[in-house]
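> As they're listed, the protein sequences go chains A and B. Numbers in my numbering are just positions in the first sequence, counted from 1, shifted up by 124. Numbers in my numbering are just positions in the second sequence, counted from 1, shifted up by 124.
Simulated from the structure, these hints should not be mistaken for laboratory data. Keep in mind that this is a model prediction, so the values were computed, not measured.
Intra- or inter-copy, both count: the list cannot distinguish identical chains.
Subject to a maximum C-alpha distance of 20 Å in a straight line, what follows is the list of computed EDC-like cross-link-like pairs (lysine to aspartate or glutamate):
1) K324 to D174
2) K270 to E447
3) K138 to E255
4) K198 to D347
5) K194 to E255
6) K442 to D174
7) K442 to E269
8) K194 to D163
9) K270 to D325
10) K421 to E466
11) K324 to E447
12) K357 to D381
13) K194 to E425
14) K384 to D354
Protein chains: 2
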Amino acid sequence: MNQSVGQSSFRHGKPVYILNSASVVGTKEGEGPLGELFDMVGDNDRFGCDTWEDAESTLQKEAVYLALEKAGKKPGDIKCILAGDLLGQSMATSFGISVYEIPLLGLYGACSTSGESLLIGSMAVAGGFAESVVCVTSSHFASAEKEFRFPLEYGNQRPLSATWTVTGSGAFVLGAERENGSRAMITGATIGRVVDYGLKDSFNMGGCMAPAAADTIRQHFEDFGTGPSDYDKIITGDLGTVGQTVLIDLLREQGYDISKQHTDCGIEIFDAGSQDTHAGGSGCGCAAVTLSAYILKQLEEGVWKRVLFAPTGALLSKTSFNEGKSVPGISHALVIESLQNESSYLQR
Amino acid sequence: MNQSVGQSSFRHGKPVYILNSASVVGTKEGEGPLGELFDMVGDNDRFGCDTWEDAESTLQKEAVYLALEKAGKKPGDIKCILAGDLLGQSMATSFGISVYEIPLLGLYGACSTSGESLLIGSMAVAGGFAESVVCVTSSHFASAEKEFRFPLEYGNQRPLSATWTVTGSGAFVLGAERENGSRAMITGATIGRVVDYGLKDSFNMGGCMAPAAADTIRQHFEDFGTGPSDYDKIITGDLGTVGQTVLIDLLREQGYDISKQHTDCGIEIFDAGSQDTHAGGSGCGCAAVTLSAYILKQLEEGVWKRVLFAPTGALLSKTSFNEGKSVPGISHALVIESLQNESSYLQR
Numbered sequence: 125m126n127q128s129v130g131q132s133s134f135r136h137g138k139p140v141y142i143l144n145s146a147s148v149v150g151t152k153e154g155e156g157p158l159g160e161l162f163d164m165v166g167d168n169d170r171f172g173c174d175t176w177e178d179a180e181s182t183l184q185k186e187a188v189y190l191a192l193e194k195a196g197k198k199p200g201d202i203k204c205i206l207a208g209d210l211l212g213q214s215m216a217t218s219f220g221i222s223v224y225e226i227p228l229l230g231l232y233g234a235c236s237t238s239g240e241s242l243l244i245g246s247m248a249v250a251g252g253f254a255e256s257v258v259c260v261t262s263s264h265f266a267s268a269e270k271e272f273r274f275p276l277e278y279g280n281q282r283p284l285s286a287t288w289t290v291t292g293s294g295a296f297v298l299g300a301e302r303e304n305g306s307r308a309m310i311t312g313a314t315i316g317r318v319v320d321y322g323l324k325d326s327f328n329m330g331g332c333m334a335p336a337a338a339d340t341i342r343q344h345f346e347d348f349g350t351g352p353s354d355y356d357k358i359i360t361g362d363l364g365t366v367g368q369t370v371l372i373d374l375l376r377e378q379g380y381d382i383s384k385q386h387t388d389c390g391i392e393i394f395d396a397g398s399q400d401t402h403a404g405g406s407g408c409g410c411a412a413v414t415l416s417a418y419i420l421k422q423l424e425e426g427v428w429k430r431v432l433f434a435p436t437g438a439l440l441s442k443t444s445f446n447e448g449k450s451v452p453g454i455s456h457a458l459v460i461e462s463l464q465n466e467s468s469y470l471q472r
Numbered sequence: 125m126n127q128s129v130g131q132s133s134f135r136h137g138k139p140v141y142i143l144n145s146a147s148v149v150g151t152k153e154g155e156g157p158l159g160e161l162f163d164m165v166g167d168n169d170r171f172g173c174d175t176w177e178d179a180e181s182t183l184q185k186e187a188v189y190l191a192l193e194k195a196g197k198k199p200g201d202i203k204c205i206l207a208g209d210l211l212g213q214s215m216a217t218s219f220g221i222s223v224y225e226i227p228l229l230g231l232y233g234a235c236s237t238s239g240e241s242l243l244i245g246s247m248a249v250a251g252g253f254a255e256s257v258v259c260v261t262s263s264h265f266a267s268a269e270k271e272f273r274f275p276l277e278y279g280n281q282r283p284l285s286a287t288w289t290v291t292g293s294g295a296f297v298l299g300a301e302r303e304n305g306s307r308a309m310i311t312g313a314t315i316g317r318v319v320d321y322g323l324k325d326s327f328n329m330g331g332c333m334a335p336a337a338a339d340t341i342r343q344h345f346e347d348f349g350t351g352p353s354d355y356d357k358i359i360t361g362d363l364g365t366v367g368q369t370v371l372i373d374l375l376r377e378q379g380y381d382i383s384k385q386h387t388d389c390g391i392e393i394f395d396a397g398s399q400d401t402h403a404g405g406s407g408c409g410c411a412a413v414t415l416s417a418y419i420l421k422q423l424e425e426g427v428w429k430r431v432l433f434a435p436t437g438a439l440l441s442k443t444s445f446n447e448g449k450s451v452p453g454i455s456h457a458l459v460i461e462s463l464q465n466e467s468s469y470l471q472r
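Isolated chain A (complex conformation):
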C-alpha cells in the first residue's frame, strides 16, 4: 500500500521501476566530465532548427525517442507523458512531444521540474492509474538566456555566482513491473514548498534555491526518520558551488551534516575551471541528463545503493524580475535505489 508519510512525503507500496532513460545534450555538455556518458551529443546547439526554442523542442523529442527505444516501448504503450521546461508557457514541451500523440500532463517547477515529473509519474504508476509513463524535461542555454536574461549578441559578462544553463533533455520511462534493462527504482518522495528568503539576484540562483533545498531535505529526514548517513549520495539539481556552501551551512544549523554525502548535478556536469561555467550548470535539463547518464549508472553498478535526488528550481520570470520581486525557490526530493535493494525493500 502506498503511504502518506509525515507532513510532505509519501512512500510507494511497491517500487516504481525506471525501465530505461536517455540523455541528449549540446556540445559544451559533451565536452564536460560526463561527456562520454550521454546517449547523444549534438553537432551544434541548433539541432537542425531555425530557432532556439525549436532546438529545445528537438532535445525533448530525441530524448523521448531514445528512452522509448531503449525501453522497448512504443508511444501507444505509454499512458501519459509528464513534461516541462523553463520557457514561458512551457513551449519547448508543447511543440516537442506532440508528435508522439501521448497524453500530456504539463508541469512547471522551474529547474525542479525533473524531480516533479518523476514524483508525479511515480504516483501515477504506483497508484495503479498507469502501467507506464514517460517523464521528460529540458533546458537550452540559448533559449534560457533569451527568456530570462540578455540576448546572446550582447555578450554580457556574468558574475562568478552565475550558473550556466545546460543544453540538454533527459527522459525516463517508468513502469510498475521490473523488466530486462530496468535501471533503478523510486521508493518514496518529498514534495517541496516555495521557500523565499527574499534574495533578488538572478545571477545567484544557487543562493536563491539553497534554502528550498535545505527545507525539503530537512523535511525528508523528519518525515522518514532518516539522516544523511542513510543515503550514499544526496544530490541537488543545480545549486552550483555557491549554493552548495549555503545548503551545507543551512542544514548544519538544523543539526544535519550532509557535507560527506552531498553533490550537485550542476557541479558534476561541467569542469567549471576549464569550461568557464562559473558556479556550475543549471536548468531543467541539468538534473535530468545527470540522473540519466551518471546517477543511474552508479546505482546500476552498485557504487551507490540509495540516493536522495533533489532537483532545485528558482521561481522567477522576466516580469517578476522587472517588477523587483524576489526569487523564491522550490525543491522536490526522490528516493532512488539500486535494484540490488529490491528484495530488501519488498520485505521492509
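Following the hints, position chain B against chain A.
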C-alpha cells in the same frame, strides 16, 4: 482498486471527494449571470495590489483561504497544493500560495490547468499518497492581456471570435473520505493529448482548442464505453460560442452528437451580448470558478447526476506567436458525480 482504462483514462477505485471549494472573481464576472453564486467578488480588479500579477496572486491566495475555511481545514492538514496559471513561469502561483507553506506541485496546461490539477490531485488522493490536497488555478484579464496580447492602454479592438479572459480563481479541497459539506465526487478521468490543427489565430482560441476537446471527449467515450447520453452535461472550459460550434461538428463527424448535453464555462459565465465579451469567457480561472460556483451547485442539488468536465487549453506564448507557430490545444476530462450516485458507484 484504481484502474488504468483504455488508452488515456483511469477510474478511481474509491471516489475522491470534493470536500469543499471557493471562487473569487473580478467585477465583470460579478456582474455576469453567475455573479450571485461566487464566494467573493472584488471591489475592483486590482485586489489591493500595485501590479496585475500581484492581483492575480491575491486571487489564488483568497480562493485557497476560503476553500480551506469552508472545508474546515488548516494548511497543515493538506499534503500538497496543485496549482497553476497562465503567466510566464506561472508567477501568479509562485507568489500567490507560498504564504500557506503547503508543498506545491506546479502545473501548466494553459486554460486546461484547472482540469489537470483536479486530475493529478485526485490521483494523489485515490492512490493513497495524500489524505487531502488543494487544487487551485487563476487567470486575470489584465495580466493575461499584458502577457499574451497588447497593453491595455492601446485599447485595441478585438474580433468577435475573441474570448475575454476571466478574472478569477477557483480552489478545491479534495479528500479520501466524505465529510460534512462534501460537494461532489470525482470518479474517473481522461488525460488529453496535444492536438494541433495548424491554426495560428490567437484571437480565435475557441477554434484552436476545439479539436483537442473533441479528441479528449471521443477518447473518453471509447475508453469508458460510454456516449453523450451517459452524462447530464458535457462541459468544456472556455471554447466560447465559436469553439462550441466547431466541437459539436467535429464530434458529429465521429458519430457522437453532444449538442443536447454540451455547454461551456466561457458561455455560462458572461452574458456575451450585454457584457461585450464576444465569443465568451476564457482563462485558467474560467472553468475553475464556474465549476465551484455553478456546476458543483447543480450536482449538489441533484439537477445533474454526472457530468464530464473538460477544461481546454491553448498552448501559445508570446514567443511562439511571434515566431509564427500554430496554437495547439489540450483538454483534460474528469467525471464528476453527484453524491447521490455514491452508493451506486461503490457497487459498480
